[in-house]
Structure formats: C-alpha cells, structure tokens
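Residue numbers (the numbering used here), protein chains in the order written: chain A, -16 to 212; chain B, 8 to 399.
These are calculated hints, taken from the structure and not from any lab test.
Among the clues, some could well be false.
Cβ-Cβ distance ranges computed for the label pairs, FRET-style [stated by the list, open to error]: (1) A:204 with B:116: 32 to 40 Å; (2) A:69 with B:76: 37 to 45 Å; (3) B:179 with A:98: 48 to 56 Å; (4) A:22 with B:71: 49 to 57 Å; (5) A:204 with B:257: 37 to 45 Å; (6) A:22 with B:292: 18 to 26 Å; (7) A:204 with B:22: 54 to 62 Å; (8) B:194 with A:13: 44 to 52 Å; (9) A:24 with B:179: 26 to 34 Å; (10) A:69 with B:63: 38 to 46 Å; (11) B:20 with A:43: 45 to 53 Å; (12) B:257 with A:98: 41 to 49 Å.
Here a beta-carbon is modelled for each residue, glycine too, at the ideal position from N, C-alpha and C.
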Amino acid sequence: MLSALELEALRLSLQVAAVAVACSLPVAIAVAWLLARGRFPGRVLLDTVVHLPLVLPPVVIGYFLLLLFGTRGPLGGWLAETFGLRLIFTRWGAALAAAVMAFPLMVRAIRLALESVDRGLEAAARTLGASRFDVFRSITLPLMLPGIVSGAIVAFAAALGDFGATITFVGNVQGETQTLSLAIYSLAQSPDGDAAALRLVVLSLVIAVAALAASEALARRVQRQLGRA
Amino acid sequence: MKASRLIIDTRVRLGPFEHRAELDLPLSGLTALFGASGAGKSTLVNLVAGLLRPDSGRIVVGDTVFFDSQRGVDLPVHRRELGVVFQDARLFPHLDVRDNLLYGWRRAGERTRSPVATLDSVVPLLGLEPLLDRKPHTLSGGERQRVAFGRALLAQPSLLLMDEPLASLDAARKAELLPCIERLRDEFGLPILYVSHSVDEVLRLATSLVLFDQGRVSAAGPLAEVLEHPAAAALSEAGALVFGRVESVAAGDEAGRIACDGFTLKVPALDLPEGSAVRVRIPAREVALSLQDPGPISISNRIEGVIERIEAPTHPQGPARVRVRVGSETVLAAAITPDSVRRLALEPGVRCWCLVKAVALDRSALALARGLAAYSTSTAPSGREPEAPGRR
Chain A
-16 MLSALELEAL
-6 RLSLQVAAVA
4 VACSLPVAIA
14 VAWLLARGRF
24 PGRVLLDTVV
34 HLPLVLPPVV
44 IGYFLLLLFG
54 TRGPLGGWLA
64 ETFGLRLIFT
74 RWGAALAAAV
84 MAFPLMVRAI
94 RLALESVDRG
104 LEAAARTLGA
114 SRFDVFRSIT
124 LPLMLPGIVS
134 GAIVAFAAAL
144 GDFGATITFV
154 GNVQGETQTL
164 SLAIYSLAQS
174 PDGDAAALRL
184 VVLSLVIAVA
194 ALAASEALAR
204 RVQRQLGRA
Chain B
8 MKASRLIIDT
18 RVRLGPFEHR
28 AELDLPLSGL
38 TALFGASGAG
48 KSTLVNLVAG
58 LLRPDSGRIV
68 VGDTVFFDSQ
78 RGVDLPVHRR
88 ELGVVFQDAR
98 LFPHLDVRDN
108 LLYGWRRAGE
118 RTRSPVATLD
128 SVVPLLGLEP
138 LLDRKPHTLS
148 GGERQRVAFG
158 RALLAQPSLL
168 LMDEPLASLD
178 AARKAELLPC
188 IERLRDEFGL
198 PILYVSHSVD
208 EVLRLATSLV
218 LFDQGRVSAA
228 GPLAEVLEHP
238 AAAALSEAGA
248 LVFGRVESVA
258 AGDEAGRIAC
268 DGFTLKVPAL
278 DLPEGSAVRV
288 RIPAREVALS
298 LQDPGPISIS
308 NRIEGVIERI
318 EAPTHPQGPA
328 RVRVRVGSET
338 VLAAAITPDS
348 VRRLALEPGV
358 RCWCLVKAVA
368 LDRSALALAR
378 GLAAYSTSTA
388 PSGREPEAPG
398 RR
C-alpha cells in the first residue's frame, strides 16, 4: 500500500515527533510550574524565551539552533566532544528542532492546567501530612493530567508538522531528516512528483485525524477519572 | 499533672488590618471561635494550621512548639499533626472515598500504631459504608463533609481544626451533622477548635468559647462564663442556656423531665439516656412572663424567679429583654414588647413566673453536655458545674 520511501518518511516523522514530545515533557512541566508558581526575578524573561518559537519565523529558530548546536557552536561542540553526539543533519537534531517549535504550545497547555488546580486541595493535603513534593506527586500532578495529555498531543501534532526550523537546522536528508513535511516539499518541487506528493498529503491527513481522535478519547477518559465528565 | 494547653500569641498584618490573637486555652473539649464574618476566626485557624505565617509571636500546642518567631521555629504544615476540616470539604476529586479517608492515615507513620481513630471505627460512626467506593463528585454536600471529618480524624491528629464545617449546608444537612460533631467531641476525646458564626452551633457544641471582634479576641474562657460577658450579646440575646440532667425520658403521654438548677423542665420526647448531662437552649422568644401563677393553662413549664434586669429594645420594632433569675446559677431571658413591660409594671426585683411551652424545647434545643461536664470539673469555677440532680 505504501512505498518503501513513504513508509520511511512516515516512520521517521512519528519517531522524531515522539522523541521530541517525550524528552521535552518533563522540562515543559518544570517550566510551566516555574511560570505559574515561581516568584523569581527572571520570570518574565523566561516567559518570553519560551514563547519565542511561537512568534519568530521557524527559519529564524532553525538558524539559532544552527548557531548554538552546529559543530562549531558552543553547545554543539560540547555535545560532540563529551557524548560524541552530533545533532546537525541527524534525526536527533530533527527531534530537537521539532521539540523547540512545539515547546510553547506544550507549556501553555500545562500551565493552564496547573493554574486551574485548586490550591485549597493542596493546602488540605499538606495538613494531612504530605510534604510539598508528596503533594505535587499525589494531588497536583494527577489533577493536571488532562492538561498534560492535551499539551502533549498538541505538541506531537506541531512536532510532526514542523518544516522551517527542521530544514534550516538539519537539512533535508532522505532517510535521516526527511520527515513527511519535508518529503512533500521535495516531491512538490520535482516535475513529476505531484501524484506522490498527494499520497503523502492524504497520509498526513489520516495521521492528523487519528491523533485528534486519540486525544479526544484520552481526554475524556482522564476527565472521567477525575470525576468531571 | 499539668493539663496541656493551647497557647497562641501572634500578630499578623493582612492588608490594612492587624490580626492580634492572644489566647491560652485548655487543650480539651470543643472550643468555639465565634464572631462576625471577617472578625478573624478563620485567620486563627490558618495560623494554627501553618497555612498563614504570623509576622511575630508564638503558637504552642501541648508540648509542641508550632511557631516561635524569637527562637526561629516554624514547624512545616505537614509535621503539625493536625486534622483540618474546611468549609468546602476539599475532597480529592481523583481519589475515591476510601482513598480520601486514608490519605492522611497513610502519611501518619508511627502514629497509626496506637491510633486515635481507625477506618473501622470512623466508617460506622459517620455512616460512610455505602460511600467507600464512590468518587467525591457523586456525593451530596453533607456526605462530602462527613468524609472530610473522617479523613481529618484518620490522620491521627492531636488537635482538630474545623473552619465553619456546616456553613455551606442546608438546615437538614446541618441537623444531620451536628450529632456527628458531638460524637467526635465525646468519643475520640480530641480537642477541637471550631470556627462558627452560627449561634445554634456554638450553643449546642461548645465547651469553651472565644469571641472575636475586628481581628481581636474580645473574650475567652469556659462557655457559661463567656456567655455572661457583654461581648457575648449576640449569643446571649438569642436566649438562655440551662444545664441539667435527664431525670426521666418521655413514656406514653408523660413528658420528659430534666432536672435543672432548682427547677424541673418538661420537654417532649427525649432520645437521651436517663442521667445524661444536657444543655437546654431556651430561646427568649419562647418565654412569656406572668405576675402570678397562671392556673390551668397548657403551658407546662412555669418557673418562678425574680427580675434581675430589663434591657431596652436594640432596634425600634424589637422586643425588650427581661432577665429573670430562676436559680442560683440560672438566668432566663424573655423577649416581650415594651408595651407589656409597661402594662405589667415590670422592674428589677419583681417576682414573676417564666412560662415556656414544652414543645418549644424539642430535640434541636437540647444537646449533650458531656464534653462540658468533663471540662467544668477540671477547669471551670465550681459554681459553673452543671447541676447534679441531688442538689435540687
């Protein structure tokens, strides 16, 4: 049904998006917590930096990543030296680009969920003998779960669809960084690629609808767990 | 043995207000914190619970220093070993009733070895059996609050704080929960700090009383003593509180009888065992005055006394209040029109009869005074003890 090339692009896209979401989720929860609850001087600055990928052109973000994580960039050089990890032109780099682009969406959803958690419940848990971390683990986190789930799914969809940052940062290497969006772009550029591009467009549509349906089902299940449905 | 005490001496600034609490109370029975909304009662609960940090001062509960600004002590909330019941039950929505009940128990550690309360004792006491597997959102307001009581008890607290636990419930739910609180007070022997602005609740439950006014304590001490205080007008205006002992329960057409301070009150059906110490609230509106023994009328309580004081109406259409001393420790209040005061030429020193219909003293006017009796014998001046039947 799907050609080897199509399968490869699909598998790569899902892999990149999954790694991007899985790795950035804990960070997003921490940042959301800092933004919602933290009282420290650099809070506004942090808020701004987190939101940059939402307001800057993706190409600019890709270029920033190139400067930071390129082989001669300050972080890229360090990663290569210490872990032998090269990001540029690799799927790990694609995952990083996707994660950065999806990060603000994830943080926003999680922060909203955190802000809607009743502080009174946390106070009640404290009086029942739970330490601050225990309260977070046993009360706050479960109550935030719907927001975390929807944040992760929105981020997954955004990661799946990123184009600008990915192509700028890691290029368009077939089998390594050529995700669905990049493959569609390449096919649309070639003279007789229209039909093949259309097949991938349909595939993207199917994935999008499936992800939406899955998120709906998951969200409803979590809401039921919390007794709000 | 030195009785353990609750000592609070704190200052905290809340916006334009300064909250100043200065209290030294015995750590036993149920201490009601009474005052208008915004008078600083809930602030006191938050200070004791550790949810609000005083600017300066000291909070000591029994042997444990919760807060001492001079010595730099501020015990974290979760180590204060308290049970707190909030006005909104604050059940955890993602846990079922059983896991809510056990939340504090699972974190009480060593203290569950010699528990104050266990799941097996709390569940039947509060009637929670049918609720155990349900989620909080399926419960009614009264059920939720009962679960919250149980959850607080199971945390093995050394002090129970209740912040207007009945304020958001309708009258029927209140009537259902009041006996629950009486049982908590009497059966677990836990000291309770109880915030309320309800006269009914205070007169029914309290063994000692703290009055709050504009962020300050205006009076504190054993219930009967504080009720005499001018600051307690809001409470004593509503009527008199009489202490007595059940002499006989109603049988057939016979009324129940309660032996009080030199007189006997007849009341409708009693569901309390003979000999139990009770408090009876006699609302001023239910008391009529007669200058002679009224002869054959249906009113069955006729209590002879001498007028001690007549208080003018507090507002234009209001009644005058006549205080009549009917026993060595007991003063009843009658709310009658200023016109009646003039007609009967009532004045201090005049002998009269207080008439109270037995049906006015139904179960809602009666409360067990067991906690109070225990309190009185240990700390109150002897004259305040509830009357023993033998003294009649």
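Now for the hints, and whether the structure bears them out:
In this structure, residue 204 of chain A and residue 116 of chain B meet the distance hint of 32 to 40 Å, their C-beta atoms being roughly 34 Å apart. Checked against the given bound of 37 to 45 Å, the beta carbons of residue 69 of chain A and residue 76 of chain B, roughly 57 Å apart, lie outside it. Between residue 179 of chain B and residue 98 of chain A the CB atoms are about 36 Å apart, so this pair departs from the stated range of 48 to 56 Å. At about 30 Å, the beta-carbon gap between residue 22 of chain A and residue 71 of chain B misses the expected band of 49 to 57 Å.
The supplied range of 37 to 45 Å is broken by residue 204 of chain A and residue 257 of chain B, whose beta-carbon atoms lie about 57 Å from each other. A C-beta distance of roughly 54 Å is found between residue 22 of chain A and residue 292 of chain B, which places it outside the suggested range of 18 to 26 Å. Against the hinted window of 54 to 62 Å, the Cβ-Cβ separation of residue 204 of chain A and residue 22 of chain B comes to about 44 Å, which falls outside the hint. Look at residue 194 of chain B against residue 13 of chain A: about 47 Å separates their beta carbons, and that is inside 44 to 52 Å.
With their beta carbons about 54 Å apart, residue 24 of chain A and residue 179 of chain B fall outside the hinted range of 26 to 34 Å. Look at residue 69 of chain A against residue 63 of chain B: about 60 Å separates their beta carbons, and that is not inside 38 to 46 Å. Checked against the hint of 45 to 53 Å, the pair residue 20 of chain B and residue 43 of chain A passes, with Cβ atoms roughly 49 Å apart. Separated by about 58 Å at the C-beta atoms, residue 257 of chain B and residue 98 of chain A break the suggested range of 41 to 49 Å.
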